[in-house]
Amino acid sequence: MSGFGLLAALVLVLGIGGGVMVFKHHVDEQRQDVARLESALRQERETGARLRAELAYHHRPAYLQRLATPLGLVPATPQQMVRPEELPKLPVADEDRKRDRWLVVLPSGARVVLARRPDVEPQP
Amino acid sequence: MNARLLLISAGFVVLFAAIGLRIVELGLGNPGTAVTSPAASVVQRADVVDRHGHVLATTVPAPRIVADPRRVRDAAAEARALANVLVGTDAQRLERRLASSRHYVVVKRDASLAEVAATRRLGLPAVGIEHRAARVYPNGRLAAHLIGFVDVDNNGLAGAERAFDARLKGPNAAPVRLSLDIAVQAAATEVLADALARYQAVAGSALVIDVRTGELLAGVSLPDFDPHRPAAFSADARKDRNVTQTFELGSVFKLFNVAMALDAGTFRLNDRLDISRTLRVGGFRINDFRRRHDTVTVAEALLYSSNIANAKMALRTGAAAQRAFLERFGLDRRLTFETGNVAPPLLPRRWREVTVATVAFGHGLAVTPLHFATAAGGLLGPGHAIEPTLLRRDAPVRQTPVVDPAVVRTMRGLAYRVALEGSGRQAQAEVPGYLIGGKTGTAEKVGPNGRYLDGVVRSSFIAALPIDDPEYVIFVMLDEPTGEGDRPDLYFASWTAAPTAGRIIARLGPVLGIEPSAGETAVELLRLGGGKSETALFPAGDEAHAARRTRG
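Protein sequences, first through last, are from chains A and X.
Start counting the first sequence at 0; every next residue gets the next number (numbering that gives the first Met the number 0).
Start counting the second sequence at 0; every next residue gets the next number (numbering that gives the first Met the number 0).
Treat the hints as calculated values from the structure; they're not laboratory data.
No experiment lies behind these values; they were computed from the predicted model shown.
All residues carry an ideal CB built from backbone N, CA and C; glycine is no exception.
Take these hints with a grain of salt, some might be off.
[Stated by the list, open to error] With a straight-line cut-off of 25 Å between C-alpha atoms, the simulated SDA-like cross-links for lysine to any residue are:
1) Lys23(A) / Phe15(X)
2) Lys23(A) / Leu14(X)
3) Lys238(X) / Arg228(X)
[Stated by the list, open to error] If you anchor each label on the Cβ, the simulated ranges turn out as follows:
4) His51(X) / Gly47(A): 16 to 22 Å
5) Leu66(A) / Arg120(X): 36 to 42 Å
6) Val112(A) / Glu443(X): 47 to 53 Å
7) Gln244(X) / Gly47(A): 37 to 43 Å
8) Asp235(X) / Leu54(A): 29 to 35 Å
9) Glu483(X) / Leu66(A): 27 to 33 Å
10) Arg120(X) / Gly71(A): 47 to 53 Å
11) Phe288(X) / Val112(A): 45 to 51 Å
Build out the structure end to end from the sequences listed, making use of the hints.
What follows is the structure, given as structure tokens:
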């Protein structure tokens with residue numbers, strides 16, 4: 000092999016070696032990125048687990064009931080179970096249109112007071 | 000000269016070739032430890048959720064801040080620094096611990112992420128972070144017996160945690176969806192706890208079961224415990240009365256006795272039985288608590304809960320038929336349930352004549368409340384045995400009925416009459432919008448000497464809802480109740496367990512979306528149960544109820 004050939008082979012080997020090193024460095028960077036992402040994902044999952052636990056803690060039925068009671072909210076009763084078609088129709092007589100509240104009796108016998116929303120004008 | 004140059008050139012070529020090959024070798028070799036993979040998540044156990052996906056048990060990271068006192072240089076300064084960043088840590092107490100000769104002290108359990116970061120920033124060489132996971136139960140004691148708990152290594156030790164331990168383990172395990180409905184469980188628990196206080200009972204249990212699928216929607220056993228620290232509670236509190244204990248339940252068993260007699264054809268609904276005198280069987284005397292009539296029909300035997308009449312029906316139908324009927328509903332064998340700790344039924348060793356008579360009114364055999372409730376649900380519901388489950392099961396379980404469907408319909412009518420005009424009146428009174436059916440049971444407890452204790456009872460009530468086509472059964476049992484206020488003698492199920500069941504139904508009916516029933520349905524039920532009067536269809540104060548439409 001001539002001297003030129005040897006030199007060319009040497010450059011080729013060094014070039015391939017350098018290329019592999021650069022490629023490997025790039026792969027290492029990618030691996031580190033993946034590791035960072037996996038770590039972030041793990042942290043996100045663990046944070047999600049904490050938040051889910053906190054959400055469930057704040058959704059405890061007894062806790063919600065404790066918050067709802069001062070607002071006047073109470074558990075529904077069987078008498079309040081009414082199908083839409085069973086709801087009474089709103090009064091249409093002229094004198095009824097002037098009223099703000101109506102007392103209606105549901106099929107179950109329960110009495111309900113319906114109030115007009117102040118910002119809604121009755122349609123003619 | 001040329002030879003020297005050649006030699007030197009050859010040396011360089013070899014050297015650079017070696018360097019080049021080494022570069023290639025390094026490039027193609029293993030990465031070694033240059034890149035480390037991230038630590039695995041400490042959350043290695045899946046959630047347990049209720050039928051609607053509400054979290055019942057979950058795992059959260061619970062970092063623990065620890066220290067090695069041997070490496071502490073200035074205990075006072077380090078304790079102050081740690082106390083400044085760790086909420087709720089007492090500096091003086093921590094200083095004493097850091098000054099000790101121990102190798103390992105826990106500075107703080109379940110530290111927050113902010114506390115962990117702040118501790119790291121302190122850079123104390125003696126202080127470290129342990130990444131651990133903690134199992135938490137956001138609802139606390141609610142359904143603790145069924146959800147169960149884990150040990151320090153997050154291995155399931157009880158309840159669903161134990162039953163589904165293998166399914167729950169692993170970073171990619173899917174949540175286990177139970178049949179429980181946390182809203183129903185909460186309502187049942189609240190009402191039962193109120194009943195324990197109201198009737199001064201020492202313990203109680205309640206069950207809500209979907210008879211179409213066998214799903215357990217709620218299972219309450221009081222007293223209960225905190226699953227975060229089960230060891231702090233007594234073994235009695237940790238015991239699930241619905242599953243692990245058997246009881247003589249008394250007159251609630253008369254439902255099976257009457258159904259057996261009707262199904263065997265030995266009696267018809269309006270056949271009359273003489274109850275004017277004490278029944279003597281095998282040297283034992285059988286009496287009724289309060290005898291109002293000399294004769295009763297089969298229907299009235301259930302309505303008035305006559306021990307004498309029921310014993311006579313069982314004796315005439317025979318031991319073989321009685322055993323076979325109980326076997327059809329699985330009452331002769333251990334119940335299959337996922338938690339696996341179901342107590343087997345205690346059956347008579349010998350099925351003598353007196354045994355036949357006492358089993359007719361629920362004495363002489365003992366079963367768990369879950370066992371009885373599923374069997375009764377099967378009788379009043381689809382007409383076959385139900386296999387209860389703690390897992391969500393969407394599709395109904397269909398089997399061939401083991402009882403004549405006409406008998407099932409009659410039993411629904413009879414159960415409705417019990418709730419309307421019999422011992423279950425106070426249950427129906429709590430839910431004027433619904434038609435329920437049921438049966439009370441007041442069983443005297445056995446004392447240490449093996450004799451029944453006078454006035455010390457377990458009262459129970461089984462209810463089916465809506466009774467014309469049952470979707471749910473509700474079972475309530477109170478241990479050693481007394482009557483309310485100045486009537487402690489009214490400890491009977493009709494005064495204690497029945498109204499409690501009614502209050503549970505009133506709470507859970509709207510939650511389960513059960514619509515009120517119609518007057519026509521009540522008339523039909525009354526007819527099926529052999530009733531004649533249509534004037535007492537509904538409890539007082541609910542006349543408007545009769546105007547309701549027929550249920551769709």
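Contradicted hints - numbers only:
Failing hints: none at all.
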